[in-house]
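Protein chains: 2
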Amino acid sequence: MLFKNITLLDENFDVQKNMFVGTCKDKIAYIGELAPQEDFGEEYDGKNKVILPGFVNAHTHSPMTLLRGYAENLALSRWLNEKVFPFEDRLNSDRAYYGTMLSIAEMLSSGTTSFSDMYFFQDGVMRAVKEARAKINFSRSIVSFSDVNFLDDIRVIEALEAVEKYHNTENGKIKIDMALHAEYTNTYSMIKQFGEYTKGKGLINHIHVSETKSEHEDCKKKYGKTPTELFYDSGVLDSPSLFAHCVWIEDGDIDILREKGATVAHCPASNLKLGSGICDIYALKERGVNVAIGTDSAASNNGLDSFREMYLAALLPKGTRRQADILSAKEIIKMATYGGAAAQGRFDSGLIKEGFKADLCVIDTDKPNLYPDFDILNNIVYSAGKSDVVLTMADGEVLYRNGEFLTIDIEKICFEVNRVVKEVVSEVQNG
Amino acid sequence: MLFKNITLLDENFDVQKNMFVGTCKDKIAYIGELAPQEDFGEEYDGKNKVILPGFVNAHTHSPMTLLRGYAENLALSRWLNEKVFPFEDRLNSDRAYYGTMLSIAEMLSSGTTSFSDMYFFQDGVMRAVKEARAKINFSRSIVSFSDVNFLDDIRVIEALEAVEKYHNTENGKIKIDMALHAEYTNTYSMIKQFGEYTKGKGLINHIHVSETKSEHEDCKKKYGKTPTELFYDSGVLDSPSLFAHCVWIEDGDIDILREKGATVAHCPASNLKLGSGICDIYALKERGVNVAIGTDSAASNNGLDSFREMYLAALLPKGTRRQADILSAKEIIKMATYGGAAAQGRFDSGLIKEGFKADLCVIDTDKPNLYPDFDILNNIVYSAGKSDVVLTMADGEVLYRNGEFLTIDIEKICFEVNRVVKEVVSEVQNG
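Residue numbers (the numbering used here), protein chains in the order written: chain A, 104 to 534; chain B, 104 to 534.
FYI, nobody ran anything at the bench for these hints, they're computed from the structure. It is possible that some hints are incorrect.
The list treats identical chains as interchangeable, and a pair is accepted whether it falls inside one copy or across any two copies.
30 angstroms max Cα-Cα, derived BS3-like pairs, lysine-lysine [claimed, not checked]: (1) Lys-150 <-> Lys-525; (2) Lys-120 <-> Lys-186; (3) Lys-363 <-> Lys-456; (4) Lys-107 <-> Lys-328; (5) Lys-316 <-> Lys-388; (6) Lys-323 <-> Lys-295; (7) Lys-525 <-> Lys-120; (8) Lys-107 <-> Lys-515; (9) Lys-388 <-> Lys-186.
In isolation and in its complexed conformation, chain A is listed as follows (with noise of 0.2 angstroms):
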């Protein structure tokens, strides 16, 4: 495909006009002010037109949008309890390809091309991944509260299964990481040989992390340090890292995590929802930690926009420091796009960039909310939305395009969830 005369944002996240982009397979192969001489196919007018890198989503948990509007209002104790594990108890692959695919609609259409998912029922989610043609890092959530040894827990088996069966499957497109639920869901042996067995396998390990207030202060009072200092002694620190939330770490928190070079998937609204906190991205960021930005789950959400992820990414550290002038919107874009794609291990992703990976977005800026265009990154963050979403590409495939979806079914995805739902309400009450 060749984008003409189009708006980009550069490797700098600079806003360059008038510009071309050819992609070809999976890659950008040309950017330049001049036509190509190759010829890149089809052709698209990039008059109003923006071309940003597509959003990650960097922790979400996809079969769960099954359950949107599901538990609402609840403090997460009852929200976990008495709605989520009971509804979740009734899940199988064949359901959670259903969310993962209504999940994977919604996403595409704001702009995001590839996604952290920590769950499980991997076949169907893959099932679904494959189907949609989209990008994955998943990650078979390991929860475990016995000593058994590693290798004979059930979970790790999946998630061991999950790596063996689908790593690096796709052209790449799908990825598998491994996931310790968090802390307070394992035994402190469980988690040791988590970190002993990850080392050097060069996985991602994605773990909720001081997510709630409560769970991070047990901690410290039942091992004597935090869940970052926990981690890092364990060894878990030293594979590339994910740690989702981050509400409550504290300032040594931080030295570890940059020296580790972990990256932290901030969850804004789920954070805000659940009554957890708010996480200050703004002290990562000075102090040189790697940002991401994720949705979690439409439970908790309730949505998958990273648009309005992004936008409270970018709103609260200015309102809660009581700085408006701190965190460009051009940091924000890069959280959200570069920042995702480096926590997935994905270094040939999130930049518009010869070479790198066609995982972009376009946005029509001739809309009402876009006007004036004084400032096309602010107007990224603060005024734009899903619905300027015209064109969203992963892997230079086309999989969303003016409201249609290329490899969705939607219709008939929208009919089998609500019947899915039904099914399992009605399993739920009938105990």
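With chain A held as given, fit chain B onto it using these hints.
Frame of chain A, contents of chain B only:
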């Protein structure tokens, strides 16, 4: 128009399915489970649609949409003095007309049917409102650092001209309020005269109150009173009052606001973006103060999207108070609709109720982001957005439908906005 088999939010904001809603002229004339006997004209298929009261944007400055993206990442004083004031110096009624038209378009596309606008250049604003057939409570902002006789102040003269010329015109669609810009932008003499003059006139007093900490604390130093106490003592609160922001009000102020039946226009995005802080609307609601929701201007937001503002209003109290179970979706929708209509003195608007004005917003729930439909109220607040709005009606007249503006030539307006801002910037640069 007759909406058939549609889901609606009734006057208690409870969800009713498969209903009929007939509008006749400017009013809702029929609501029922059965098809009406009367002919209401065009029939609208309500399948997968939800009809809710139109949103009221309770605090904005519509011509300032011309400044969207013009003054970014700056603390309030630099934002105002270096960027906003020099730009505004070059505005005139014709230029304000284009800014207002653009603002109305953006608001209609997010289901907003009425707005409380504080600015100047009233003839330009009124020209736009009449052409677009929108609903407005307009007020000419009074800023006066002199001790001149109230009725001799040029801004007061204009404010009263606006009342004389436009109040209750266009079948009541246009109402004029009185606006004292703020405590810190007026002398004590002016505040006192404003209170005395407005008493008993039946007009609404629209004022910026305790937006920033410094404003609030400086007032206490100067007068030994908070801004709210000052307005109470000077009679300003003896008229129905709309206080914008109220980020820094204190316990005693809340008592005053409740006693006087004043409304707080909560502007969460602007308060965050300018680093002002976060208004505690949960405390206001708990203690019986009416809360409405406003966007403030696009110069500090940077949009005029009621869905986005409602979403912030819902999320922030849960996150900042760390209580997931406060402020239901129903309460938040009520603030964004009925709460705003009440603040505008429009007690015949803001509810889906027979005899009320047909100020309506219809959303299409057949979208990936609105499945499943466990909880329509929570889906509206936390999952829906402007891209789901398919029809906006004010006073029984369809103004926006399926992406099209029926009273605004949006292509022309966007073109002219670009021309105007280029002229203004050139004039500012050339001094």
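Results of checking the hints against the structure:
1. Lys-150 <-> Lys-525: between (45 angstroms within a copy, 19 angstroms between copies)
2. Lys-120 <-> Lys-186: between (50 angstroms within a copy, 25 angstroms between copies)
3. Lys-363 <-> Lys-456: For Lys-363 and Lys-456, the Cα distance is within 30 angstroms only inside one copy (27 angstroms; across copies 60 angstroms).
4. Lys-107 <-> Lys-328: Close neither inside one copy (55 angstroms) nor across copies (61 angstroms); limit 30 angstroms.
5. Lys-316 <-> Lys-388: both (22 angstroms within a copy, 26 angstroms between copies)
6. Lys-323 <-> Lys-295: within (17 angstroms within a copy, 57 angstroms between copies)
7. Lys-525 <-> Lys-120: Classified as between: cross-chain Cα gap 18 angstroms, same-chain 50 angstroms, threshold 30 angstroms.
8. Lys-107 <-> Lys-515: between (35 angstroms within a copy, 25 angstroms between copies)
9. Lys-388 <-> Lys-186: between (36 angstroms within a copy, 28 angstroms between copies)
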